[in-house]
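Model the full structure from these sequences, guided by the hints.
Protein chains: 2
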Amino acid sequence: MIETYNAIPKPDTDEIKQRLEIAHQRLSEQQLLMKDSKLPVLILFEGWGAAGKGTILGQVIKTLDPRFFSAVSLHDPSTEEKRKPFLTRFYTEIPEAGQFKFLDVGWMGEITKDVLFERSSKHTYKNRIGSVLRFERSLTDNGYLVLKFFFHISHKEQSKRLAALAESKDTSWQISDFDVWENEHYDECYKVYDKFMEETNTSTIPWYVIDAKSKKWAELQVMETLVAGIDVALKNHTLTVPLIQNIFPLIKMPKLKEIDLKKSISDEEYKLELKELQTKLRNLHNQAYRKGIPIIVAYEGWDAAGKGGNIKRLTAALDPRGYIVHPIASPKPFEKSRHHLWRFWIRLPKTGHFAIFDRTWYGRVMVERLEGFCSENDWQRAYNELNEFEKELSDWGAVILKFWIHIDKDTQLARFTDRQNTPEKQWKITDEDWRNREKWDLYEQAVDEMIAKTSTTYAPWHILESNDKKYARIKALKIVTESLEKALKEKKG
Amino acid sequence: MIETYNAIPKPDTDEIKQRLEIAHQRLSEQQLLMKDSKLPVLILFEGWGAAGKGTILGQVIKTLDPRFFSAVSLHDPSTEEKRKPFLTRFYTEIPEAGQFKFLDVGWMGEITKDVLFERSSKHTYKNRIGSVLRFERSLTDNGYLVLKFFFHISHKEQSKRLAALAESKDTSWQISDFDVWENEHYDECYKVYDKFMEETNTSTIPWYVIDAKSKKWAELQVMETLVAGIDVALKNHTLTVPLIQNIFPLIKMPKLKEIDLKKSISDEEYKLELKELQTKLRNLHNQAYRKGIPIIVAYEGWDAAGKGGNIKRLTAALDPRGYIVHPIASPKPFEKSRHHLWRFWIRLPKTGHFAIFDRTWYGRVMVERLEGFCSENDWQRAYNELNEFEKELSDWGAVILKFWIHIDKDTQLARFTDRQNTPEKQWKITDEDWRNREKWDLYEQAVDEMIAKTSTTYAPWHILESNDKKYARIKALKIVTESLEKALKEKKG
Chain A
0 MIETYNAIPK
10 PDTDEIKQRL
20 EIAHQRLSEQ
30 QLLMKDSKLP
40 VLILFEGWGA
50 AGKGTILGQV
60 IKTLDPRFFS
70 AVSLHDPSTE
80 EKRKPFLTRF
90 YTEIPEAGQF
100 KFLDVGWMGE
110 ITKDVLFERS
120 SKHTYKNRIG
130 SVLRFERSLT
140 DNGYLVLKFF
150 FHISHKEQSK
160 RLAALAESKD
170 TSWQISDFDV
180 WENEHYDECY
190 KVYDKFMEET
200 NTSTIPWYVI
210 DAKSKKWAEL
220 QVMETLVAGI
230 DVALKNHTLT
240 VPLIQNIFPL
250 IKMPKLKEID
260 LKKSISDEEY
270 KLELKELQTK
280 LRNLHNQAYR
290 KGIPIIVAYE
300 GWDAAGKGGN
310 IKRLTAALDP
320 RGYIVHPIAS
330 PKPFEKSRHH
340 LWRFWIRLPK
350 TGHFAIFDRT
360 WYGRVMVERL
370 EGFCSENDWQ
380 RAYNELNEFE
390 KELSDWGAVI
400 LKFWIHIDKD
410 TQLARFTDRQ
420 NTPEKQWKIT
430 DEDWRNREKW
440 DLYEQAVDEM
450 IAKTSTTYAP
460 WHILESNDKK
470 YARIKALKIV
480 TESLEKALKE
490 KKG
Chain B
0 MIETYNAIPK
10 PDTDEIKQRL
20 EIAHQRLSEQ
30 QLLMKDSKLP
40 VLILFEGWGA
50 AGKGTILGQV
60 IKTLDPRFFS
70 AVSLHDPSTE
80 EKRKPFLTRF
90 YTEIPEAGQF
100 KFLDVGWMGE
110 ITKDVLFERS
120 SKHTYKNRIG
130 SVLRFERSLT
140 DNGYLVLKFF
150 FHISHKEQSK
160 RLAALAESKD
170 TSWQISDFDV
180 WENEHYDECY
190 KVYDKFMEET
200 NTSTIPWYVI
210 DAKSKKWAEL
220 QVMETLVAGI
230 DVALKNHTLT
240 VPLIQNIFPL
250 IKMPKLKEID
260 LKKSISDEEY
270 KLELKELQTK
280 LRNLHNQAYR
290 KGIPIIVAYE
300 GWDAAGKGGN
310 IKRLTAALDP
320 RGYIVHPIAS
330 PKPFEKSRHH
340 LWRFWIRLPK
350 TGHFAIFDRT
360 WYGRVMVERL
370 EGFCSENDWQ
380 RAYNELNEFE
390 KELSDWGAVI
400 LKFWIHIDKD
410 TQLARFTDRQ
420 NTPEKQWKIT
430 DEDWRNREKW
440 DLYEQAVDEM
450 IAKTSTTYAP
460 WHILESNDKK
470 YARIKALKIV
480 TESLEKALKE
490 KKG
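Protein chains in written order, with numbering that gives the first Met the number 0: chain A, 0 to 492; chain B, 0 to 492.
Treat the hints as calculated values from the structure; they're not laboratory data.
It cannot be assumed that every hint is accurate.
Note that identical chains are pooled: a pair holds if it fits in a single copy or bridges any two copies.
Claimed, not checked - Here are the simulated lysine-lysine pairs, DSSO-like style, with alpha carbons at most 30 Å apart:
| hint | residue 1 | residue 2 |
| --- | --- | --- |
| 1 | Lys215 | Lys452 |
| 2 | Lys9 | Lys485 |
| 3 | Lys214 | Lys452 |
| 4 | Lys121 | Lys190 |
| 5 | Lys112 | Lys190 |
| 6 | Lys335 | Lys234 |
| 7 | Lys37 | Lys234 |
| 8 | Lys212 | Lys390 |
| 9 | Lys125 | Lys9 |
| 10 | Lys251 | Lys9 |
| 11 | Lys390 | Lys83 |
| 12 | Lys452 | Lys9 |
Written out as structure tokens, the structure is:
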């Protein structure tokens with residue numbers, strides 16, 4: 000029952016006033032500590048229409064430096080947004096390190112509304128609950144404080160407030176159609192809200208049900224919970240996070256050493272196959288577009304292994320309006336100060352589109368691991384986070400193809416030397432490439448671990464033997480076309 | 000759906016054999032590492048009747064040193080066990096550090112059976128799910144590896160196996176009445192099992208659904224999950240655990256400094272009230288016994304504050320068959336090597352009984368904190384663990400009374416000196432008492448924090464002013480009788 004989650008006895012007016020002062024004082028001190036320790040805080044304001052969310056939000060932020068927070072009112076998703084995975088809108092909004100972000104209606108609002116208006120199946124609902132639980136946990140694991148408030152008033156109280164608002168033109172605009180509908184279907188809504196909160200009420204990220212009958216008392220509950228939450232999060236900030244055992248179905252993969260790099264293709268065969276496969280792909284992409292299947296192609300591999308050329312042969316077959324290539328460099332400051340997957344969430348394709356990533360989210364367990372750009376705890380946790388990320392994409396209906404373009408050390412040396420000695424290729428080779436080459440063995444070890452731990456049945460790695468670049472291109476095109484054919488066959492409608 | 004949790008493609012017979020050998024080899028190495036790092040592992044074997052749990056358990060333990068594991072078949076709870084909180088049977092069975100414990104049917108079995116036979120209400124079911132989630136999380140937070148296996152076979156397969164077992168007298172005894180019932184109600188059971196697993200399937204302690212059609216393949220799934228789980232747990236063993244923000248309703252409490260210790264009572268008044276209150280308590284206990292209300296009284300306080308005498312005045316009113324006093328000293332090795340609350344779980348009263356604790360589970364946030372007997376992370380996490388523990392007891396229907404017997408520093412000195420100078424009291428004073436006294440200020444700080452963070456509405460602290468011991472005794476008796484009266488009024492039937 001909504002009311003019983005954490006009902007605290009209400010103090011008298013004087014005590015409320017006194018404690019509010021203390022809480023605001025504490026919060027104003029905390030925002031500096033947050034800045035110092037780079038703690039990001041995501042605060043969800045959910046609850047009944049006319050429960051006073053806006054007013055209380057106004058009170059809470061009074062104490063905050065405007066540079067430290069932002070508040071967003073999320074409305075129903077647009078047609079464009081509906082073509083992205085469910086969590087995209089919410090990932091997009093997560094705050095930067097040291098910042099507050101207030102969401103006035105977030106994932107709870109969207110999920111429960113879709114249930115109430117019968118816009119989502121039981122299956123979708125269950126999937127979304129799972130997504131939300133993983134999303135919230137992953138934010139917390141990555142150092143976020145997530146606080147979820149539900150502003151609760153009784154049916155009677157809501158009716159009274161709506162009637163009062165309706166009385167004058169100055170206030171009646173505040174009543175939305177949904178507020179009216181919600182009030183007329185209060186009991187039905189209650190059940191759906193209660194169920195949602197029960198299913199997403201975890202020890203680590205619980206719901207705080209705010210008794211919102213009195214505004215000052217509601218403000219105090221929010222303020223004290225917020226202050227206590229920041230206290231705990233600041234303590235947790237220096238802690239490591241326990242690892243999670245894998246639950247995703249893995250495919251047994253070979254080690255890089257076991258790959259036969261002698262595979263090659265003749266020039267004629269190459270030309271013939273290339274043309275054939277590209278034509279096929281063009282057709283398949285048209286069908287995928289009509290059926291709304293998104294395709295995500297992730298490229299990783301050794302320097303000079305032939306990533307660029309491989310990608311080119313793929314995009315050559317695609318309608319430019321239907322794909323985008325994302326070259327992934329080291330994260331910019333505004334990217335680095337968010338969850339490491341944020342910059343990929345905001346780059347996801349729409350349904351029916353291709354997104355091709357030239358280097359990917361796997362940087363975490365390769366370069367970031369080896370160069371010490373993240374903690375050991377961070378990259379060890381990442382295998383599961385990456386599998387979870389791709390599970391979201393797969394559940395959404397995406398075809399996910401991950402290519403490791405593979406060459407041996409000698410081939411790399413030959414290509415580096417060639418680049419160095421050929422003026423028009425010199426831009427392609429940097430000191431960093433040589434430095435990375437020195438760490439070949441460490442990289443090989445990291446790549447073997449990555450491939451073993453993230454080759455799930457729904458998003459396996461494909462190793463492209465690229466000593467012969469042409470062979471690798473044909474193999475990539477074959478895998479893309481075959482996977483698309485399979486996905487088209489499985490997708491109804 | 001049960002099947003889809005983590006279905007892995009089944010390898011061929013040769014590969015199964017090969018991988019089984021590797022897994023057994025790894026496990027036999029791991030048991031020594033486990034011993035060294037004191038990792039306890041609790042393994043739940045749940046699943047369909049005739050799914051082969053016993054056979055596979057037999058295979059798994061073949062690799063283990065008999066000193067390192069034990070296996071228990073839990074049957075339906077006895078009448079005695081039903082008079083304890085639901086989790087008691089399972090807490091009792093948790094392994095010691097460095098040990099494996101296999102539970103052949105655990106909390107899932109009991110909860111789902113009660114649903115199937117309509118022995119538990121929806122409310123009870125929900126409460127139990129919450130209890131289980133907290134139980135599993137708390138074990139993990141305290142360094143346990145918890146692995147939950149569900150052995151899955153289809154209805155057809157189960158029917159086939161039961162028929163085969165029934166054919167001969169040598170095997171037919173293996174079929175239980177419940178196996179037959181389960182087979183006849185397979186679809187109904189499926190729904191209940193699936194729902195339970197879905198509701199208790201968390202990222203950190205997931206269900207592993209074992210495809211149990213082929214025994215060797217089932218064994219491999221169990222073995223590889225077990226080995227991977229121990230790998231992760233060994234890595235986590237050195238990590239700290241993030242703190243959890245409080246969700247329990249707290250009562251605002253005064254600091255010890257603010258307590259007025261001048262309160263006293265005259266001798267006549269004391270005698271009169273004592274007699275009256277003890278008679279009243281005797282009556283109330285009879286009623287509580289008949290209504291099955293358990294009462295837990297927890298005593299903490301300064302050395303020489305008068306705990307012993309206070310407890311005596313309480314027990315004097317009780318039927319000796321209806322109460323037990325547990326003096327709590329520092330934990331014995333077999334207690335220290337388990338979850339810190341284990342030794343209290345096994346000392347809980349039956350319904351209708353009193354359990355009086357002379358020192359308590361709060362040692363964690365007092366002496367263990369101050370003497371460094373546990374890590375900072377341990378005692379910081381404990382406030383929530385203690386609130387959760389008492390929530391279990393409160394949900395079970397227990398009256399929980401926590402007394403802090405309070406005196407000032409001068410009074411303690413006077414009593415210490417008196418003990419030192421009176422031959423028949425000398426046994427009551429030790430060097431440790433003097434050492435603790437030197438840390439008075441640190442203790443006071445810890446006690447203030449403890450009282451502030453664990454005075455929940457369902458189990459608040461009561462501060463007994465005990466400069467006048469008689470005053471404190473009367474106050475304790477008043478609180479016990481009033482609380483019992485209230486509980487009796489609220490309890491129907």
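Verification of the hints:
no.	hint	result
1	Lys215 with Lys452	between (51 Å within a copy, 24 Å between copies)
2	Lys9 with Lys485	between (60 Å within a copy, 21 Å between copies)
3	Lys214 with Lys452	between (51 Å within a copy, 26 Å between copies)
4	Lys121 with Lys190	both (15 Å within a copy, 15 Å between copies)
5	Lys112 with Lys190	both (12 Å within a copy, 27 Å between copies)
6	Lys335 with Lys234	both (22 Å within a copy, 26 Å between copies)
7	Lys37 with Lys234	both (12 Å within a copy, 26 Å between copies)
8	Lys212 with Lys390	between (41 Å within a copy, 27 Å between copies)
9	Lys125 with Lys9	between (36 Å within a copy, 27 Å between copies)
10	Lys251 with Lys9	between (58 Å within a copy, 11 Å between copies)
11	Lys390 with Lys83	within (14 Å within a copy, 42 Å between copies)
12	Lys452 with Lys9	between (51 Å within a copy, 18 Å between copies)
Comparing the model with each earlier hint shows no violations; every hint is respected.
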